[in-house]
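Colleague: Given next are the chains, with one letter for each unit.
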Amino acid sequence: MATLFLFPTFVGLIVFHWLPLAAAVQNSLLRFSPLNPSAATFVGLSNYANLLENERFIRATVNSLIYIGGKLALQIPLGLGIALLLNRSLPGTRIVRGAVFAALVASEAVVALIWNILYTPDNGLFNAFLGAVGIPGQPFLTSVAQALPSVLVMIVWKDIGFTTLILLAGLQTIPHEYQEAAEIDGAGAWARLVHITLPLLRRMLLLATFMATISGSRIFIPIALMTDGGPEDATINAVYFMYEQAFKFQRMGDASAVAMLVILLLVAITLVQARLLRTDHEY
Amino acid sequence: MMQNSSLAPPPATAGAAPLPGQRPTWLDRSLADVPSYVAMVAVAFIFLTPFIWMFLTSFKPTVDVFRYTTPLSVWTFIPPAPTLENYVSIFTTWSFHRDLLNTLIAAGGQVTGALLTSTLAAFVFSRMRFPGRDVLFAFTMLTAFVPFDVVVVPLYIVMRSLGLVSSYWALFLPFSFSPFGIFLMRQSFLEIPRELDEAATIEGASLVQVFWHIILPNTRPALVTLALIQFMWSWNSYLWPLVIMQDPNKQVVQVTIAKFRTIANFPLFGELFAAATAATIPLLILFFLLQRYYVRGMLVSGMK
Numbered sequence: 001m002a003t004l005f006l007f008p009t010f011v012g013l014i015v016f017h018w019l020p021l022a023a024a025v026q027n028s029l030l031r032f033s034p035l036n037p038s039a040a041t042f043v044g045l046s047n048y049a050n051l052l053e054n055e056r057f058i059r060a061t062v063n064s065l066i067y068i069g070g071k072l073a074l075q076i077p078l079g080l081g082i083a084l085l086l087n088r089s090l091p092g093t094r095i096v097r098g099a100v101f102a103a104l105v106a107s108e109a110v111v112a113l114i115w116n117i118l119y120t121p122d123n124g125l126f127n128a129f130l131g132a133v134g135i136p137g138q139p140f141l142t143s144v145a146q147a148l149p150s151v152l153v154m155i156v157w158k159d160i161g162f163t164t165l166i167l168l169a170g171l172q173t174i175p176h177e178y179q180e181a182a183e184i185d186g187a188g189a190w191a192r193l194v195h196i197t198l199p200l201l202r203r204m205l206l207l208a209t210f211m212a213t214i215s216g217s218r219i220f221i222p223i224a225l226m227t228d229g230g231p232e233d234a235t236i237n238a239v240y241f242m243y244e245q246a247f248k249f250q251r252m253g254d255a256s257a258v259a260m261l262v263i264l265l266l267v268a269i270t271l272v273q274a275r276l277l278r279t280d281h282e283y
Numbered sequence: 001m002m003q004n005s006s007l008a009p010p011p012a013t014a015g016a017a018p019l020p021g022q023r024p025t026w027l028d029r030s031l032a033d034v035p036s037y038v039a040m041v042a043v044a045f046i047f048l049t050p051f052i053w054m055f056l057t058s059f060k061p062t063v064d065v066f067r068y069t070t071p072l073s074v075w076t077f078i079p080p081a082p083t084l085e086n087y088v089s090i091f092t093t094w095s096f097h098r099d100l101l102n103t104l105i106a107a108g109g110q111v112t113g114a115l116l117t118s119t120l121a122a123f124v125f126s127r128m129r130f131p132g133r134d135v136l137f138a139f140t141m142l143t144a145f146v147p148f149d150v151v152v153v154p155l156y157i158v159m160r161s162l163g164l165v166s167s168y169w170a171l172f173l174p175f176s177f178s179p180f181g182i183f184l185m186r187q188s189f190l191e192i193p194r195e196l197d198e199a200a201t202i203e204g205a206s207l208v209q210v211f212w213h214i215i216l217p218n219t220r221p222a223l224v225t226l227a228l229i230q231f232m233w234s235w236n237s238y239l240w241p242l243v244i245m246q247d248p249n250k251q252v253v254q255v256t257i258a259k260f261r262t263i264a265n266f267p268l269f270g271e272l273f274a275a276a277t278a279a280t281i282p283l284l285i286l287f288f289l290l291q292r293y294y295v296r297g298m299l300v301s302g303m304k
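Chain order of the listed sequences is A and B.
For the first sequence, the working numbering gives the first residue as 1, with consecutive numbering after it.
For the second sequence, the working numbering gives the first residue as 1, with consecutive numbering after it.
It should be emphasised that the hints constitute simulated quantities derived from the structure, not laboratory data.
Take these hints with a grain of salt, some might be off.
To be verified - Covered by chain B, according to a simulated footprint, are these stretches of chain A (three or more residues, beta-carbon under 8 Å):
(1) 14–21
(2) 89–98
(3) 101–109
(4) 115–127
(5) 238–251
(6) 256–269
As the list claims (entries may be wrong) - So these bits of chain B aren't anywhere near chain A, every CB distance computed over 12 Å:
(7) Phe59
(8) Glu85
(9) Thr93
(10) Ile105
(11) Pro193
(12) Glu195
(13) Ala200
(14) Pro217
Backbone N, C-alpha and C define an ideal beta-carbon position, used for all residues, glycine too.
Please construct the entire structure, taking both the sequences and the accompanying hints into account.
Modeller: This is the structure in structure tokens:
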């Protein structure tokens, strides 16, 4: 009976998850075009060697790290701030919560397309707001210096709801009495945050950090729909580079090698994070 | 779900903290809340403005989309000559209803498949005992850690060798087997007391009857949660349909919306706004109505 119940699931997992993963490992050792799969030739690790000498790939990898770092630096503190704000039962909290979650629910493609138009240099809404407060128009996505930060801001706006959600759930498990006791002892808001809230929130902060790291390493839609990696490769990342190799240049071997390197990089980063944020105490 | 402090006002997290030993008055408390309100208005403004602008601009003809943005005025948002022509255009010229239907088919397939396989597998992992069960469960969970981007290329090749490229099946079949779903359903099955189904078994109920008449009816909230999360994942997916669906008549909304940027010699901005609105507003309404389930699902999917 168990076999019968598990059969569909395992066929599906093997065919659609494990088989492709195994194929990705194998493909990374081949020179391989999907247009002519029978002509695939074994090239060993040379795909990897070529990548490490490819300046564009190096640029894409460095940018991937910048996206991850920038996302963490913005999304975790801002998400925490919004979570703290929403953890109070002031009137109007529900509207703010709804607004933040609307960005989370909306599709990345729609958000990327709309923000692309918001960022328009000449008549875009962002420059209209800047103009209203006397700041000259900015080039945003068309400038080498501003393109990556502009993409990053959009991604943080889109994803911050998830960080807020996790941290809000964590905040609600902290007993009210802790805060009140500290307040009676004269601890100010900042001291209570640093000495009570954050230590108690450590596990949720770790989860939020993991999730932001993983999503930061997988940014694809905003790059495909806003910048195509440009200008001058300013916004390209490893996943977009992989997509180009596979579906623009039909170089499946190289694309698979990129995929393997991304996995390795991600595992390394999350291991370091787990170590840094390790919880010594269970609360 | 929010903390409700009916006895004491919540502690101020910002602003004028009272001196130690001095009891804050009601007025002090209210003043201390001012920064919070300012922050709340700012956050609501930042997160709602793009949606409000998208919605209102969808009623502007393409020539007006950029016309009134600078300098900032009410006409930046309010259409001076509101029109439904963008909506008429996407539904008549571009058959956007077909894309909506395709997206519904893909989402429906994914939700159905995931509910079916997840509940069956979770039933095995929560109720049956046999050697190797825990190894199989660990194997299943490991699958969740394979990032999808990594397998897009080989998955495309798998689909091609199955002859499924550009079929509806291709849109949802790979996502109908969900480690996240198995995990979620197993958690909720484990909360049902074993005595309940053991009693039924003693009375002669078969495993299938226990599954259908006891386990499933008692886990409706979890089923709704899983359905909702899978629906959202499917509705919002872009890369996979872009790669696997080469038949424009079976394409999904997200890919079609993106096409309005490049479909003609000049971008069809009016159509883009109308399509983005048509694809977003129903989803937002659905999620506000079912927010309770959605929040729980997202929390469980911390592993996604």
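Colleague: Against each hint, give a clear statement of whether it holds in the structure.
Modeller: To see whether the hints hold, each was checked on the structure:
no. : hint    : verdict
1   : 14–21   : holds (count 7)
2   : 89–98   : holds (count 7)
3   : 101–109 : holds (count 9)
4   : 115–127 : holds (count 10)
5   : 238–251 : holds (count 5)
6   : 256–269 : holds (count 6)
7   : Phe59   : holds, 15 Å
8   : Glu85   : holds, 18 Å
9   : Thr93   : holds, 19 Å
10  : Ile105  : holds, 17 Å
11  : Pro193  : holds, 21 Å
12  : Glu195  : holds, 21 Å
13  : Ala200  : holds, 15 Å
14  : Pro217  : holds, 18 Å
Consistency note: the structure conflicts with none of the earlier hints.
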